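J.: Listed here are the chains, written in short residue letters.
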Amino acid sequence: MSGFFKSSIGRKVTMALSAFFLMFFLLQHFAINILSVFSPDTFNEVSHFMGTNPLIQYALQPVLLFGVIYHFVMGFILEFKNRSARVVSYAKNNGGANSTWVSRNMIYSGLFILIFLIIHFMDFWIPEINTKYIVGDMSGLHNGSFRYFHELQEKFVPIWRVALYCLGFVFLALHLLHGFNSAFQSVGANNKYTNGLKGFGKAYAILIPLGFIVIALFHHFNH
Amino acid sequence: MSVLDSKIPAGPIKDKWTSYKDKINLVNPANKRNIDVIVVGTGLAGGSAAATLAELGYNVKAFAYQDSPRRAHSIAAQGGINAAKNYQGDGDSTYRLFYDTVKGGDYRSREANVYRLAEVSANIIDQCVAQGVPFARDYGGLLDNRSFGGVLVSRTFYAKGQTGQQLLLGAYSAMNRQIARGKIEMHNRHEMLDVVKIDGKARGIIARNLVTGEIERHSAHAVVIATGGYGNVYFLSTNAMGSNVTAAWKIHKKGAFFANPCYTQIHPTCIPRSGDYQSKLTLMSESLRNDGRIWVPKNMEDVMAIREGRKKPTDLSEDERDYYLERRYPAFGNLVPRDVASRAAKERCDAGYGVNATGEAVYLDFASAIERYGKEQAKIQGINNPSAAKVYELGQAIVEAKYGNLFQMYEKIVDENPYKTPMMIYPATHYTMGGVWVDYNLMTTVPGLYCIGEANFSDHGANRLGASALMQGLADGYFVLPYTIGDYLSDDIRTGKIPTDSPEFDQAEKEVKEKIDFFINNNGTKSVDHFHKRLGKVMWDKVGMARNEKGLKEAMAEIKAIREEFWKEVKVPGTANELNPELEKAGRVADFLELGELFAKDALTRNESCGGHFREESVELDGEQKGEAKRNDQDYAYVSAWEYKGEPADAVLHKEELEFNDIELKQRSYK
Amino acid sequence: MNLTLKIWRQKDANDKGKMVDYKVTDISEHMSFLEMMDVLNEQLVASGDEPVAFDHDCREGICGMCSMYINGEAHGPDRGVTTCQLHMRMFKDGDTITIEPWRAKAFPVIKDLVVDRTSFERIQQAGGYISVNTSGNTQDANAIPISKVAADEAMDAATCIGCGACVASCKNSSAMLFVGAKVSQYALLPQGQVEAVERVQNMVAQMDLEGFGNCTNTGACEVECPKGISLENIARMNREFLRASLKG
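Protein sequence lines, in the order shown, are assigned to chains Y, A and W.
Under the working numbering, the first residue of the first sequence carries the number 1, and numbering increases by one thereafter.
Under the working numbering, the first residue of the second sequence carries the number 1, and numbering increases by one thereafter.
Under the working numbering, the first residue of the third sequence carries the number 1, and numbering increases by one thereafter.
Careful, some of the hints might be misleading.
[Claimed, not checked] Straight-line distance between alpha carbons at most 27 angstroms, and here's what the computed DSS-like set of lysine-lysine pairs gives: (1) K645(A) to K253(A); (2) K148(W) to K160(A); (3) K201(A) to K92(W); (4) K21(A) to K32(A); (5) K92(Y) to K412(A); (6) K11(W) to K412(A); (7) K513(A) to K11(W); (8) K192(Y) to K160(A).
[Claimed, not checked] Chain W stretches covered by chain A per the calculated footprint, using a threshold of three residues with CB under 8 angstroms from any CB of chain A: (9) 31-39; (10) 49-58; (11) 84-94; (12) 115-122; (13) 164-177; (14) 189-199; (15) 212-222.
No lab work stands behind these hints: they were computed from the structure.
None of these values were measured; they are calculated from a predicted model.
Ideal Cβ positions, reconstructed from N, Cα and C, are used throughout, including at glycine.
Excised from the complex, chain Y in its bound form:
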């Protein structure tokens, strides 16, 4: 199996597997976030559960972190390798004639998502880790009530951040528009379900980021 991880196909498969995990994570992240639109209390409760449950915190969170980092690092490694596979570039290249813009620019949508993620981590994840594991406050309370919904609302007050988030989701949508089905192709799933899956992938790639955008705008305007 060691050859597997060194091989081009093996690496693509691991890219796809990490993508599956991230896409699943994205779905559950969205499911929780959308609660904030309908019911701040439920949102608070679920957030507290996710933030304090040992299984999630000590088992799934490291997996997620690994998945994110792996997907980025391997993405860059592969991009570097792929670029070096063509020493002299074409004087004239008409990529649009045979492939979509999104499929050819995964590295750029990915890079923007990375920038977004750094900001997102600084906004939410680092303060959260700080509160819970450095300050040691596992209560999830602020002035006697759950702090999660309140913190979320606070973040979406400045218009620049809302704009940045929206842009981040647009790039996420672009990334997913190719990435969703590409991941299935990479693990060899090309069969009679492929066409249906393609439609589903497109819907997923557009609806989920759109949902996140709606949530951000909602909180911005309903503050």
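Given chain Y, put chains A and W in place with the hints provided.
T.: Below, chains A and W without anything else, positioned relative to chain Y:
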């Protein structure tokens, strides 16, 4: 006895090959390691031979001018490969395939060779399937067959319209396995420029590395030439641009006799030439003639109107059309053999009825087939009184299913929709039955020098049947040569490696280098293609589909003149030490210019019409067959093997008399 | 029609190379692209310049020799054709046409528009075959029935002509379509099963060694492939590779 010994084993024809194999000398496995064999050309014949020889344990050095064996022109064969498997239970047998091939070849091939070909044909299919060649299958999972022109059974195996490609890739994969094992040393982008003889035996070749220009010496205990046919002597043919006679011609100059150069197959269904810039012609599968009807306008006014664009072919009523094949050959109609169909097209075009701007095209019309299939389908689908449009729609679907890829190819090239307007076709040079003379062992008149596949003359006589070229290439390479070469090599087990520093190698290399230097330094004014096109025109006009004494004599003189001018005026840019396609072409055209003259001389000598060779002087004078080709078995039932003596005109004819013990000679009739 | 051609000229593998402009006049729309190149070369020979070297042979779309990157696309703007089948009617009078060789580290330029594709050869040598010796005693061709669907699919994969347009078109210079087609042909046939595990592993290892890039599923190869080889073959190879890796 003539100097030609065909070495046909004694005994009944059915047992010749088996009993011969039983008694043949073999080389033991430990000794095979010490024996080198050079294979020049890696198409179906060369590729299969190289792979099989390497499997047996010989050290094989293989040479191809392309960048991979997979690109040899065998790859372009469309229709299929014959084999006497009798999977269809329609009465096929080894004898019947043998009989059809000899008859199809107009009784000018060697019985024993053809019988052996038919005998091993079934093994070819087994071998290819085992290699993973994806032949077409029916719904029960068994191999499918189609029928092909000139025979009464379905024995043709096929892989869509790309049978040659799949068979070549099969042989190529077998080669790859041996290259990986180190048993084949593959030299891509190399061209053989001479054979080296030591003590009368072929012991190596001089080759040019086409990338670096380096002249290399390669030695071996035997040399196999498998470099295909010489159809490009006509400049325009369905051959690949690089297909050439050079290897065959070089060995001819070193003592290998060249047999029957005038036997050339002109294929009737090719896309016509559209202008002087034309570089090659494209074949449309013969299968089209199953459903297409061939015609030209009856009236000259209509011909002119069509050429000037005032009328469309579809404007002409049935009465205004001349379905000349159906008119002349009511029994076979549009399905007459290739040579007959080609000559009939030429006859109409020579009479001025050609339907395109060059005057060299006839129509191949699918309208009746579309209507016929449409009505059939309407009946099957239970549609009563279908409209004409519906009939057309249903019929078109059937034609599309049968010939869709060919119609698409035609439309890409000609930019006309063949469903709406008839296709235009014209004959083109396609295959050369003639080639280097070989005996039963496939050895030329030079000991240790073998010639296989289209490059030799052996199995097709004066005309080749459809789907038999692939069969012969693979039969020679997989199943015949690997046995027969052992008989010769068994004497060489103690010879040891052949050194390449002998005077013979020095001399051969020197000659090759001198020729190259001449081309590079010759300060001529005309490009190589200029001469090649002129040669082609003479060949096509005077040594083409119909030949006569006057024309052939003129052709010989004209070719000689072109050749002399070529050596004075040819211009080759660039240098010798680089990839130089013009230099490559120059060497090839120089050889075509010699072969062309011998070709005409051979045609002149053979004052009979047989197969692809039609002499206007030799036709039936009366009776039902009036005007048709007349074979003369009394005087010409022999193979013409030419010995090189300097100028092509001075070549000396040796005759190998053909004996027919198992087949009765009959005149072909398609009326 | 009259055209301006921008063509990559490179003396040999070590030369740096550059684009050079040429003019051709009176080009017929019925010419094939290579016949147009013949006209240019005749012109260059006549004027004492060195003609442009390019690979070509059968000129009927099956040998896989021709290999030009025309106006930013492998085999030019038409679909389902090789360069030799591309016709000048795809262009207009006055057009400027850019002509480059295949670009990939694994396809180094030999001269002008000619590239070295022997990396494909080595991939095939690594396992693109079934180990069966030639003999008259191989089992009968009909001994193992093969479903028509599998035979047809194997044939579709086997129609690859090895031209390298997939590599040239891929932004990553990946050879996955080529290798996928070969692996698929054998994976679909019973004869290919015995060596399936080693075959896919060895061929992929060689492909990586040659310096081709990774597949990122852009699908450009499938669009530009003159023989319409499907991306499904890449998926199948991925599956075969996964299965082989799990088996050890």
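J.: Could you run down the list of hints and mark each one as holding or not?
T.: Here's how the hints hold up against the structure:
1. K645(A) to K253(A): With a Cα-Cα distance of about 8 angstroms, the restraint between K645(A) and K253(A) holds, given a limit of 27 angstroms.
2. K148(W) to K160(A): Between K148(W) and K160(A) the Cα gap is close to 12 angstroms, so the pair holds against 27 angstroms.
3. K201(A) to K92(W): violated (59 angstroms)
4. K21(A) to K32(A): holds (18 angstroms)
5. K92(Y) to K412(A): Roughly 25 angstroms separates the two Cα atoms, so the pair holds.
6. K11(W) to K412(A): violated (34 angstroms)
7. K513(A) to K11(W): Measuring from Cα to Cα gives roughly 22 angstroms; hence the hint holds.
8. K192(Y) to K160(A): With Cα atoms ~25 angstroms apart, K192(Y) and K160(A) stay inside 27 angstroms; holds.
9. 31-39: holds (count 6)
10. 49-58: It holds: at least three residues are needed, and the stretch 49-58 of chain W offers 8 whose Cβ sits within less than 8 angstroms of chain A.
11. 84-94: holds (count 3)
12. 115-122: The restraint on the stretch 115-122 of chain W holds, since 5 of its residues have a Cβ under 8 angstroms from chain A and three suffice.
13. 164-177: violated (count 0)
14. 189-199: holds (count 3)
15. 212-222: Check failed, 0 qualifying residues.
In the structure shown, a violation is registered for the earlier hints numbered 3, 6, 13 and 15, in ascending order.
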